[in-house]
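Peer 1: Next come the chains, spelled out residue by residue.
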Amino acid sequence: MSHATAEHPAHLQHHFATSAQQYSSAKLGLWCFLVTEVLLFGGLFVAYIIFRGLYPDLFHEASAHLNKVMGGVNTVVLICSSLTMALAVDATKHNQLPRAQVLMWLTVLCALIFMGVKYFEYAHKFHEGLLPGAHFAFHGIANSRAGLFFSLYFMMTGLHGIHVLVGIGLILWSIRLAGQRRVGAEYFTPVELTGIYWHLVDLIWIYLFPLLYLIG
Amino acid sequence: MSHSGKSHGPVYVKVWIGLLILTVTTIVTSYYNFGAFNILIAMAIATVKASLVVLFFMHLYDDTRLNQVVFVSSLLCLGLFVALTASDLWYRRDAIPASAVSEFGAGIDLPADIAQYRAASPELLAEGQKIYTAQCATCHGAAGHGDGAANTPPPRNFTQTDGWHFGRTPLAMFKTVTAGSPGTSMAAYQSVLSVRERWAVIHFIRSNFMPTPPDDSAEEIAKATSGEGMDAPKMRIPVDMALEKMTIASPQAPSLELGSVQRSTPGATLYADHCVHCHGPSGAGGQKVAKLGVAPYAYEYVPSLSTNSTGWQENQTAFVHIVSRGLPGQAKPGFSHFTAAEWDALYSFTKSLRP
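In the order they appear, the protein sequences are chains Y and B.
The opening position of the first sequence corresponds to residue 3 in my numbering, with each subsequent residue numbered one higher.
The opening position of the second sequence corresponds to residue -8 in my numbering, with each subsequent residue numbered one higher.
Derived by calculation from the structure, the hints in this document are not laboratory data.
Owing to the predicted nature of the structure, the values given are computational and were not obtained by experimental measurement.
Treat each hint with caution, since some may be false.
FRET-style restraints, in silico, Cβ to Cβ [to be verified]:
hint: 1; chain 1: Y; residue 1: P58; chain 2: B; residue 2: N142; range: 20 to 30 Å
hint: 2; chain 1: B; residue 1: G154; chain 2: Y; residue 2: G118; range: 47 to 57 Å
hint: 3; chain 1: Y; residue 1: V71; chain 2: B; residue 2: A35; range: 19 to 29 Å
hint: 4; chain 1: B; residue 1: S300; chain 2: Y; residue 2: H141; range: 40 to 50 Å
hint: 5; chain 1: Y; residue 1: H141; chain 2: B; residue 2: S297; range: 38 to 48 Å
hint: 6; chain 1: Y; residue 1: L167; chain 2: B; residue 2: V183; range: 49 to 59 Å
hint: 7; chain 1: B; residue 1: N299; chain 2: Y; residue 2: V71; range: 45 to 55 Å
hint: 8; chain 1: Y; residue 1: I164; chain 2: B; residue 2: V183; range: 23 to 33 Å
hint: 9; chain 1: B; residue 1: A134; chain 2: Y; residue 2: V71; range: 54 to 64 Å
hint: 10; chain 1: Y; residue 1: H141; chain 2: B; residue 2: T308; range: 43 to 53 Å
Here are the simulated DMTMM-like cross-link-like pairs (lysine to aspartate or glutamate), alpha carbons at most 20 Å apart as the crow flies [unchecked claim]:
hint: 11; chain 1: B; residue 1: K(-3); chain 2: B; residue 2: D54
hint: 12; chain 1: B; residue 1: K121; chain 2: B; residue 2: E188
hint: 13; chain 1: B; residue 1: K214; chain 2: B; residue 2: D335
hint: 14; chain 1: Y; residue 1: K29; chain 2: B; residue 2: D53
hint: 15; chain 1: Y; residue 1: K70; chain 2: Y; residue 2: E130
hint: 16; chain 1: B; residue 1: K(-3); chain 2: Y; residue 2: E188
hint: 17; chain 1: Y; residue 1: K29; chain 2: B; residue 2: D54
hint: 18; chain 1: B; residue 1: K279; chain 2: B; residue 2: E291
hint: 19; chain 1: B; residue 1: K279; chain 2: Y; residue 2: E63
hint: 20; chain 1: Y; residue 1: K29; chain 2: Y; residue 2: E39
hint: 21; chain 1: B; residue 1: K279; chain 2: Y; residue 2: E130
hint: 22; chain 1: B; residue 1: K342; chain 2: B; residue 2: D264
hint: 23; chain 1: Y; residue 1: K70; chain 2: Y; residue 2: D59
hint: 24; chain 1: B; residue 1: K342; chain 2: B; residue 2: E291
hint: 25; chain 1: Y; residue 1: K127; chain 2: Y; residue 2: E63
Idealized CB from N, CA, C, for every residue including glycine.
If we strip away everything but chain Y, and leave its shape as in the complex, we get:
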């Protein structure tokens, strides 16, 4: 649908009566998707809760092997990226598309910093033998179930990392839409939904950080 008329804007799909209906459907769809995401990570959180309840000392000791500074930096980085993304959506709604693009590039930059820090964290872990599951080969923890904590660590942060990568892809797509002026004050749904998805990624990290890094 590339043509537009007064009653039929370019972005309005045929199966929706009005733009407003399309917008609220899209929003609802995204919130339903976020429910599935909450329960996806929720399953891992339940596993974490059970095993931490069974082996509290193990978790305490193993957590000390995580780098709090890197974890803290990543938390701050994600929070800043949430700010820039929220401002980008706001700019799009007010038709300030060049500003929106800059803010979205900043968000991508923050996300790349996050992944970079994560890369260094993982590389260091692999170097020490702190690997997931059957490959665990670290002898510095006096507990034969030490691999359990690191399996959970890699699973949870790894799944989160994949979500960050997907988010980067979505934001780059939004930047392109903004560049082509296919979004703006009239129609900003893709950018807004990308933003909400990105805030969810931040939300999950807000819980991962204290549970994995700050068992003090």
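Following the hints, put chain B in place on chain Y, whose structure we already have.
Peer 2: What follows is chain B alone, placed relative to chain Y:
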């Protein structure tokens, strides 16, 4: 749908500052120890941060009621998920039901039947073969090599002479089949097989799988048939060394002053030799005990002796039952070799403890 109105920029910046402050707060509080509140404080701070993100960055605050309900319902579902899983796991340990305590024999049922069944006979062997195929072969293997099921620890290989924890004499094997092996998958068959059936399967195992099975000594036989109680199987390591190895120093447990149990009475001596490592000098428990034979480690905390869910404080029978059989799967070993007088002494001493 155009969006007129003022920019949300200032609100976002305020939320951002709030999130940064809360991040610093959670990092700083992680360096202090509030005991059980540590996790609560961390989760409270995380939830405040999460609420800020959801309400303001994700605009759920001024979104439609439908979207709000949809999202909150996911949190409720997650809460249900956590609560039900946790309640299953953490309330799994049942108190010993009273019905299991009622029919108590003389520790491990024995005497007259032992004289009768100690010698093998063709009928016993045939019966034993049927029982073995039905009850034992799944784990111990059709040829007795212990290769039936991959349990941890692995089932006994009857064709080998090493590894038998309780001994290879007929009475030792009878005790093992009757009472099981605590901490392993070997169950107690006392309520599954009659005395005759247990002897039948033991004879079958001895004649078919064991190359040179040893016999009981005369003293063992005399003791078993006299009604006094079966002798303890020869432990491979001394009891108190085993107990020491099982218990793990735990920050919650008070430091055990083993010397504070004065060996002034027979009961106190028995307690000091067998019980104090796990139950503590005052019976308060709290020691962390490794479940031997479970690999890698699982451990339990010893409950206080003030727990009276089995009625042992009023009922010596129940006490003897628990102590002699142990609590299979719960890291309590069984001690069945005390004489009647020793039982009385130990019982009155244990009752006198004030945890």
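Peer 1: Is it true that the CA of K(-3)(B) sits at most 20 Å from the CA of E188(Y)?
Peer 2: Within the cut-off at roughly 16 Å; holds.
Peer 1: Is K70(Y) within 20 Å of D59(Y), Cα to Cα?
Peer 2: holds, 18 Å
Peer 1: Decide if the proposed pair is consistent with the structure: K70(Y) and E130(Y), CA atoms, cutoff 20 Å inclusive.
Peer 2: The given pair, whose Cα atoms are some 17 Å apart, holds under the 20 Å limit.
Peer 1: Between K214(B) and D335(B), is the straight-line Cα distance small enough, at 20 Å or below?
Peer 2: holds, 19 Å
Peer 1: May I ask you to test the hint 23 to 33 Å on the CB atoms belonging to I164(Y) and V183(B)?
Peer 2: At 51 Å between Cβs, range violated.
Peer 1: K342(B) and D264(B) were given as a pair; does the straight-line alpha-carbon distance stay at or below 20 Å?
Peer 2: Holds, because 17 Å separates the two Cα atoms, which is no more than 20 Å.
Peer 1: Is it true that the C-beta distance of P58(Y) to N142(B) lies inside 20 to 30 Å, as the hint says?
Peer 2: holds, 27 Å
Peer 1: Okay, V71(Y) versus A35(B) on CB: inside 19 to 29 Å?
Peer 2: Holds: the Cβ-Cβ distance is about 24 Å, inside 19 to 29 Å.
Peer 1: L167(Y) and V183(B), beta-carbon distance inside 49 to 59 Å?
Peer 2: Holds, at about 56 Å.
Peer 1: Between H141(Y) and T308(B), is the Cβ distance one that fits in 43 to 53 Å?
Peer 2: holds, 49 Å
Peer 1: For K279(B) and E291(B), compute the direct alpha-carbon distance and say whether it is at most 20 Å.
Peer 2: Holds, at roughly 6 Å.
Peer 1: Given the hint of 54 to 64 Å, is the C-beta distance from A134(B) to V71(Y) inside that range or not?
Peer 2: At 59 Å between Cβs, range holds.
Violation of the numbered hints given earlier is confined to hints 8, 21 and 24; the remaining hints are satisfied by the structure.
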